[in-house]
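Chemist: Below are the chains, spelled out letter by letter.
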Amino acid sequence: MKARFTVTLPTVLIALGCIGGVGCQTTVNRVEPGQPVAQKQGLMHKVIVTDQSLNNKVRVQNMSFMVGEGGLLKIQLEVQNLTRRRQSFSYRIEWFDEKGMIIVLPTQSAISRTLEGQETASITATAPNERARDFRIKLLEAAH
Amino acid sequence: MNKTLLCSVAALSGVLLFAPGCGTPTHYVQPEGSRLVTTVGQINIQDWANAADAMVQSMIDQVINTGRLKSGDPAGPALLAISRIQNNTGQQIDTDLLSKKIRVALSRTGKVQTYITFNLGDPEDPLAKDLQEMESARNAAQQKRLPDYTLSGKIIEDRAQAGRLQQSAYVFQLSLTTRQGIAVWEEEKTIVKQGTRPSVGF
Chain H
1 MKARFTVTLP
11 TVLIALGCIG
21 GVGCQTTVNR
31 VEPGQPVAQK
41 QGLMHKVIVT
51 DQSLNNKVRV
61 QNMSFMVGEG
71 GLLKIQLEVQ
81 NLTRRRQSFS
91 YRIEWFDEKG
101 MIIVLPTQSA
111 ISRTLEGQET
121 ASITATAPNE
131 RARDFRIKLL
141 EAAH
Chain U
145 MNKTLLCSVA
155 ALSGVLLFAP
165 GCGTPTHYVQ
175 PEGSRLVTTV
185 GQINIQDWAN
195 AADAMVQSMI
205 DQVINTGRLK
215 SGDPAGPALL
225 AISRIQNNTG
235 QQIDTDLLSK
245 KIRVALSRTG
255 KVQTYITFNL
265 GDPEDPLAKD
275 LQEMESARNA
285 AQQKRLPDYT
295 LSGKIIEDRA
305 QAGRLQQSAY
315 VFQLSLTTRQ
325 GIAVWEEEKT
335 IVKQGTRPSV
345 GF
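Just so you know, the sequences run in chain order H and U.
When we follow this note's numbering, the leftmost residue of the first sequence carries the number 1, and every step to the right adds one.
When we follow this note's numbering, the leftmost residue of the second sequence carries the number 145, and every step to the right adds one.
Bound conformation, chain U alone (with noise of 0.2 Å):
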C-alpha cells in the first residue's frame, strides 16, 4: 500500500517537474543569426536583413568599389534622398525594414550621406526640415544642395501552392538613379520559401 502510494507520489512530482519544460520558453536570440522563426506566408525580419545585405553588397560592388559613385561635392560623400518603395505584396509591411537598413550599411561605408528632408511626402525630420528653412533664409546666399541620387523601388509577391506545400517568393527591386534620370544601378533580389508549416532556423 505504502509501495504504491510512494511510487504515485514519484510520479506526479516527475510530470510536474519536466511539464513546464515541455514547451519553449521566451527567451531572446540573435537577429542576426540562424535560429529565427521562418513562415512561409510573410516576409520574416532575416529576410529583410538578406535582402539589404544583397543589396548593399551589390551597390557596394558595382557603384562604389569601382569608382562609379560620383559626388555634388568633390571633398564629400555622394548624397542620397530616398523615394518610393512600393508594396505590391497583400502584407502591410513597413519598407524603412528595408531602407533603413541600406541606408545605415551605405552610411557606414563614408560614401554616401542620405538627405532626411527631401523625401517624398512628409519630411521624415520635420524640425530638421523646419531649421534647414531657417538656415536658407539667415544665408540666402548658401545655395541648398540637390541629391546626388535617389534610391527607389518595388517588393512584389508571388504564391504557388502544390498539396499541403506552400512557396512564397518576395522579389525586392531597387534602383539607383542619378539627378538626370538615368539608372546607374539596378538590382534585384529573390527570395523564395517552401515549407508546409512554420519552422525555426533555415
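The following block holds chain H by itself, in its conformation from the complex (with noise of 0.2 Å):
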C-alpha cells in the first residue's frame, strides 16, 4: 500500500519561509560582566545621517579614547546591528592634524564589516602619527 502526501501551496509557502529564515535571522546572545572592570574615556561625537536606511540598521553606540606611551591616539568605536538579520557595511577612518588637514596614506581603504543580528563589535584604529588630532569615521551601506 502506498503512502500518500499532499502537498498544498501554504505547505509550501512555509517550507520556503522557513528554508529562507534560517540563514539570514541569527542573532547573537552576549555574556559580560555585571560590572565591567575596564574604565573607558568616553569621547562624545556628532553624527551627520545621510543614510537613514543604514542608521536604522548599523549604528555607532558609543566611542572611546586613549594615547599611548609613544603618543600615538588610539581610538575604539562600538558599532550595533540593530536589526535581528545579518548585515555588512563598510567604514572607513579619516585622521586629520591639529590644523584640520588630512593626513593621507596608501593604506587608508574602506573595510568591510558583517554583523549577526543585534550583535555589537569593536572597531579599533590608532593614528598613523603624533601629528593626527582628529579623526572622522565614515559607514557606508554595503552594495548588495
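The reader is advised that the hints may include incorrect statements.
[Stated by the list, open to error] Listed below are the simulated SDA-like cross-link pairs for lysine to any residue, each with C-alpha atoms no more than 25 Å apart in a straight line:
hint, chain 1, residue 1, chain 2, residue 2
1, U, Lys337, H, Ile111
2, U, Lys333, H, Asp97
3, U, Lys244, H, Tyr91
4, H, Lys74, U, Thr334
5, U, Lys244, H, Glu130
[Claimed, not checked] To spell it out: a stretch of chain U is covered by chain H in this simulated footprint if at least three of its residues, at any positions, have a beta carbon under 8 Å from a beta carbon of chain H; those stretches are:
hint, segment
6, 189-202
7, 209-219
8, 291-297
Quick caveat, the hints were computed from the structure, so don't treat them as lab data.
Quick reminder that beta carbons are idealized off the backbone N, C-alpha and C, glycines included.
If you follow the hints, you should be able to join the two separate chains into one complex; please do so.
Modeler: Here you go:
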C-alpha cells in the first residue's frame, strides 16, 4: 500500500519561509560582567546621518580613546547591528592634523564588516602618527 | 500609415538613445573607496590595502605606540630592511603591493626609515648603492649603520568550494625581527571571500 502525500500551496510557502528564514535571522547572545572592571575614556561624538536606512540598521553606540606611550591616539568605537538580520557595511577612518588637514596614507581603505543580528562589535584604530589629532569615521551600507 | 512610421521612428530613436547607457562606461573610482571590483579567485587591490592597513595598525599599536621600537641611533628613527616576503599562492603577485604600502605608512609615523640598499638580491636602488660605496671609500672612518630590524613574511592561499559557491582565503603573515634574530612583532591577517561571480563593492 502506497502512502499519499498532498502538497498544498500554503505548505510550500511555509517550507520556503522556514528555509529562507534560517540563513538570515541569526542573533547573537552575550554574556559579560555585571560590573565591568575596565574604565573607558568616553568621547563625545557628533553623528551626521545621510543614509537613514543604514542608520536604522547599524549604529555607533559609543566611542572611547586613549593615548599610548608612543604618543599616538588610539580610538575604539562600538558598533551595533540593530536588526535581527545579518548586516554588512563598510567603514573608513580619516585622520586630521591639528590644523584640520587630512593625513593621506596608502593603507587607507574602506574595510568591510558583517555583524550578525543584534551583534555589537568593537572597531579600533591607532593614529598614523603624532600629528594626528582628529578623526572622522564614515559608515557605508554594503553594495549588495 | 504616417502614424505607424512616426511610431517606428520614435521607438528606434529611443533605442538608439538609451542603448549606450545600458553598459557601464569606463570611469575612475577612488582606490580607497568601497565600490571596487571584488573577485573570489584573486587578491584584489582593496585586499592588499586592507592587509597592509591591518599590519601597520598592529605594528603601530604593539611596537611603536608602546615604546618598544628601539633605534640604533637614539636621536633618529629605527632602520628597517625588507627581507623575503614569500608568495605561496597560485598567482603571480608582486609582494611590493603589500610591502611598499607598509613602508610608506611606517615612514610617515616618523619612527621608522627603510634601508633600500640593503636587501635580498639586487639593491632596490643600484645608484644609491654605488653612491653609498663611494661614500664609504671616501670616508673609511665612518661606520656603516646596520638595520635595526628586518621585515619578512609569507602570503598563503586556501581555496574551497561548495556547489557553485567558491571561497578563497588569503593569509598574510609578517614578522619584524631584530639583529639578534628575535621576532619582536608577528601578525597574521586573513581575508576570506565567498561568491559565485565577481561583484562591485563589498
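Chemist: Are the hints correct? Go through all of them and say.
Modeler: Verification of the supplied hints:
| no. | hint | verdict |
| --- | --- | --- |
| 1 | U/Lys337 x H/Ile111 | 13 Å, holds |
| 2 | U/Lys333 x H/Asp97 | 28 Å, violated |
| 3 | U/Lys244 x H/Tyr91 | 23 Å, holds |
| 4 | H/Lys74 x U/Thr334 | 23 Å, holds |
| 5 | U/Lys244 x H/Glu130 | 21 Å, holds |
| 6 | 189-202 | holds (count 7) |
| 7 | 209-219 | holds (count 4) |
| 8 | 291-297 | violated (count 0) |
Of the numbered hints stated above, those contradicted by the structure are hints 2, 8, listed in ascending order.
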